[in-house]
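K.L.:
Taken in sequence, the protein lines are chains A and B. Here numbering that gives the first Met the number 0 is used: position 242 in the first sequence is 241, and no number is missing along the way. Here numbering that gives the first Met the number 0 is used: position 374 in the second sequence is 373, and no number is missing along the way.
Be a bit skeptical, because a hint or two may be false.
Counterexamples of contact, computed for chain A against chain B with all Cβ distances above 12 Å [claimed, not checked]:
1. Met0
2. Gln93
3. Asn185
4. Met187
5. Val226
6. Met293
7. Val297
8. Lys308
9. Val394
10. Arg415
Calculated lysine-lysine pairs in the DSS-like style (CA-CA distance at most 30 Å, straight line) [unchecked claim]:
11. A:Lys370 with B:Lys334
12. B:Lys32 with A:Lys388
13. A:Lys322 with A:Lys274
14. B:Lys334 with A:Lys388
Everything labelled a hint here was simulated from the structure, so no lab data went into it. Don't be surprised by glycine CBs; every beta carbon is placed ideally from N, CA and C.
Okay, here's what each chain looks like letter by letter:
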Amino acid sequence: MKVFMLGWEFPPFISGGLGTACYGLTKALDQMGVQITFVLPTAVQSKYATHVKLVSPTMQQPINTPVKVHQLKNVVFRTINSPLQPYSTADSYQRKIEESISKMQASHGKTGKFVGTLDYSGDMYTEVQRYADLAIRLAANEQFDVIHAHDWMTYPAGVAVARATGKPLVVHVHSTEFDRSGEHVNQMIYDIERMGMHAADRVIAVSYLTRSIVISRYGISGDKVEVVYNGVERNGNSNLLVGNTTIKKDEKIVLFLGRITMQKGPDYFLRAAKKVLEKVDNVRFVMAGSGDLMHRAVEMAAELGIGSKVLFTGFLRGEDVNKIFKMADLYVMPSVSEPFGIAPLEALDNDVPIIISKQSGVSEVITHALKVDFWDVDEIANKIVAVLKYPPLGVTLRSHGNYEVRKLRWIDSAARCAKIYEEALVGAGV
Amino acid sequence: MASVCFYFQVHQPTRLRHYTVFDNNINYFDDRKNAEICRKVANKCYLPANRLILDLIRKYDGRFKVAYSVTGVLLEQLEAYSPEVLSTFDALARTGCVEFLAETYYHSLSFLYSRNEFAAQVNKQVQRIQELFGQTPRVFRNTELIYNNDLASMIESMGCFDAVISEGADHILGYRSPNFVYTPKGCNRLRLLLKNYALSDDIAFRFSNRGWTQWPLTADKFAHWVNRVNGNGFTVNLFMDYETFGEHQWKDTGIFDFMYHLPEEILRHPDNNFKTPSEVVKTYQPMGVVDVPHLISWADTERDLSAWLGNAMQSNAIHELYRLEKKIKGSGDAKLINDWRKLQTSDHFYYMCTKYFADGDVHKYFNPYDSPYDSYINFMNILGNLHLRCVKHPPAAPFGQVAQNAESLTAVRQDSSQADAVAAN
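Just chain A, same shape as in the assembly (with noise of 0.2 Å):
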């Protein structure tokens, strides 16, 4: 089995779910032994540019020379020089856009020979069809069965290839435009959306929340739209553990980790810290994570008189994030949407105990975590007081959420993935 899988960033550079999700799926794959040519974009002036295994992009060249990472075995990366970037919005891939020219000026700032070379006109539904094009360019040097392609922006990608090979397409479903957008859909994102669950042989969805989305709001067929769960990539330092709880603290942590946008609702987090503060003094509420809406929240947490009593960390990555958990004592994702929610397998992994919203993907396969409703403060306050007032109930959720999580594993979602293929391929008739 090959595949010609359009996904998203790799580490260390991961800015959220679909990137964490795109690698352990793919890792797993390739230890299963499926043949996967990885295409994703990169962004020549991005400060990530660094990483030495992924890109050695020229500016002449927008479709970049066969990268092989050296432990993955069957894996081929392709990158494709492209700004796009998982949860852009327009407005921010507006801004991204004139940052990256003005950078471009600044270190080639005298000769400025560069700038203009790169076909980075228009807007970003433009970019998306540029990106679709050079897909197509890319893939008639490649031998592969299937495609499979990673949330919206690739969507138009994978349907080009699909329609030039012939070969079925897999399309993954990591949130919609509503989780994103709630009911302000961006008519243009649905639509591409829209065209590429339908254009599809397969439409996995990342759980039956977001399965039922794809169904009534996209008017997908159910026998089409298959569940895979995410799976969590196990930590297993354990050593760093034992070293970190001897730190005598004598503050709670209550933590957020995530974008800080509509969609995880950091405005319920910062009420319910609010009400928390009334019964309980000797706590710190921890919101790591940068977005749209985080002026809007440092601003409320003034308003509500709790700014003091609130952190805000801006983004963590890598061993950031593993010492933010190993300081927590509860995580909590008070997500208005979420498709599924990686951070709290992460969060259960690094035996930190967890509330979420009932509203998400990962409470139909979490049974040992406090489940709240996301607009429900008062209940979320209530659940933050118990977990720091009771110490045998996060002793109980850590260790039973500890055991729980590691039954959710990358290698069984890829299992699912490549029986989805091998049925893609049978129903295109290949």
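Based on the hints, put chain B in the right spot on chain A.
P.N.:
For chain B alone, coordinates are given in the frame of chain A:
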């Protein structure tokens, strides 16, 4: 001779309402939900089952007999929400073919945590049965059939019981059969009746299981199994939840029809009969001593206490609850004491069980909580409020004076004098 001895456990807890840490209302119980469940179970089980048993007693003219243990906390709810169930129990009591057993009024685990409290609750239950049904229980069954040698000794020392009931667990019986009367180790007068779990569970758990090789279970098939006990046992102790009829096994499984035909099939064999637990211990001599040094129960496959005390939350909650005993009783506040006692009902701890939670199973029966964690949080929040209430009371008065306020302790005294009177007779 094979006597079939039926005993039905009849119990519903007083469920708690949703109670957050921000609450300070002193009403802890979900009256609406309790009423709803009580009426539902009354209609599906208690009323039709009582009617059936009454019909059978009349039909067989006193040859069909059963025993019940109806908890005090359920009796209170029936009185409030379904008084017609109480009148049918009363009608059953009047037939003379129905024995009522004793247990802790609050269906509690108090034996494990406070012997004083345990005795008070047993006495309260005995009194209530006397008031309602005009008979004095002579056989004791502990909550969830929790039992060991100590329990037997305690029951014998109370002086008012002839026998105690427990689970016929393999690991306490070894090669021996539950179909005999035994003497608990360390007791002289007291007898031990053990549940025949194989035959009991055929009705209570397997009856409607289509994957079971013996499905469908018919009355004549079951009677045939009972007949096989003839010659190697005296009594077949069929102990089960009364909710088996119509609630655990729905009406459309045929459970009522099965029960309707059972006496006829059992009595078809001339050596068979029906006896109540008291009659069984009066009729048959004990066949030996059973030694149970460790606690057992009738729950799950483990037959231990892990369903109530298996995790850190359960053990924390129950310890915190009993730690308040002195303060609560010292308050002399009858409502406070009653609230504290209703919190002792074992179901509250059962809901906190994480053992089979991930699988989703039998533990879910009428469980008002989404998860064991929610149940623990709710319980602890209420306990927090209860604690505040007893802190508000003035320092405890000397114990003797308090007893006059606390009706239960008065009950202990009354009952011990009654017991003396019984002994004198």
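K.L.:
All hints, please: hold or fail.
P.N.:
Now for the hints, and whether the structure bears them out:
The beta carbon of Met0 of chain A sits about 33 Å from the closest Cβ of chain B, which is more than 12 Å, so the claim that it is off the interface holds. Consistency note on Gln93 of chain A: stated as away from chain B, and its beta-carbon is indeed over 12 Å from all of that chain's, at 44 Å minimum. For Asn185 of chain A, the requirement that its beta carbon stay farther than 12 Å from each beta carbon of chain B is met, with the minimum near 35 Å. Every CB of chain B is more than 12 Å from the CB of Met187 of chain A (nearest about 39 Å), matching its label as outside the interface.
The beta carbon of Val226 of chain A sits about 18 Å from the closest Cβ of chain B, which is more than 12 Å, so the claim that it is off the interface holds. With 12 Å as the threshold on Cβ separation, the claim that Met293 of chain A sits away from chain B holds: the shortest Cβ distance comes to roughly 29 Å. No Cβ of chain B approaches the Cβ of Val297 of chain A within 12 Å, the least distance being about 26 Å, so the stated non-interface status holds. Once the 12 Å rule is applied to beta carbons, Lys308 of chain A is consistent with being away from chain B; the minimum gap is 18 Å.
A cut-off of 12 Å between C-beta atoms contradicts the statement that Val394 of chain A is not in contact with chain B; the least separation is 5 Å. Its beta-carbon lying about 20 Å from the closest one in chain B, Arg415 of chain A satisfies the requirement of being farther than 12 Å from that chain. Distance restraint check for Lys370 of chain A and Lys334 of chain B: the Cα-Cα separation of roughly 33 Å exceeds the 30 Å cut-off, and the hinted pair is therefore not satisfied. Between Lys32 of chain B and Lys388 of chain A, the direct Cα distance comes to roughly 28 Å. Compliance with the 30 Å bound is thereby established for this hinted pair.
Under the criterion of a C-alpha separation no larger than 30 Å, the hint pairing Lys322 of chain A with Lys274 of chain A is consistent with the structure, at around 27 Å. Restraint check for Lys334 of chain B and Lys388 of chain A: satisfied, since their Cα atoms lie roughly 27 Å apart, inside the 30 Å limit.
Of the numbered hints listed earlier, those contradicted by the structure are 9 and 11.
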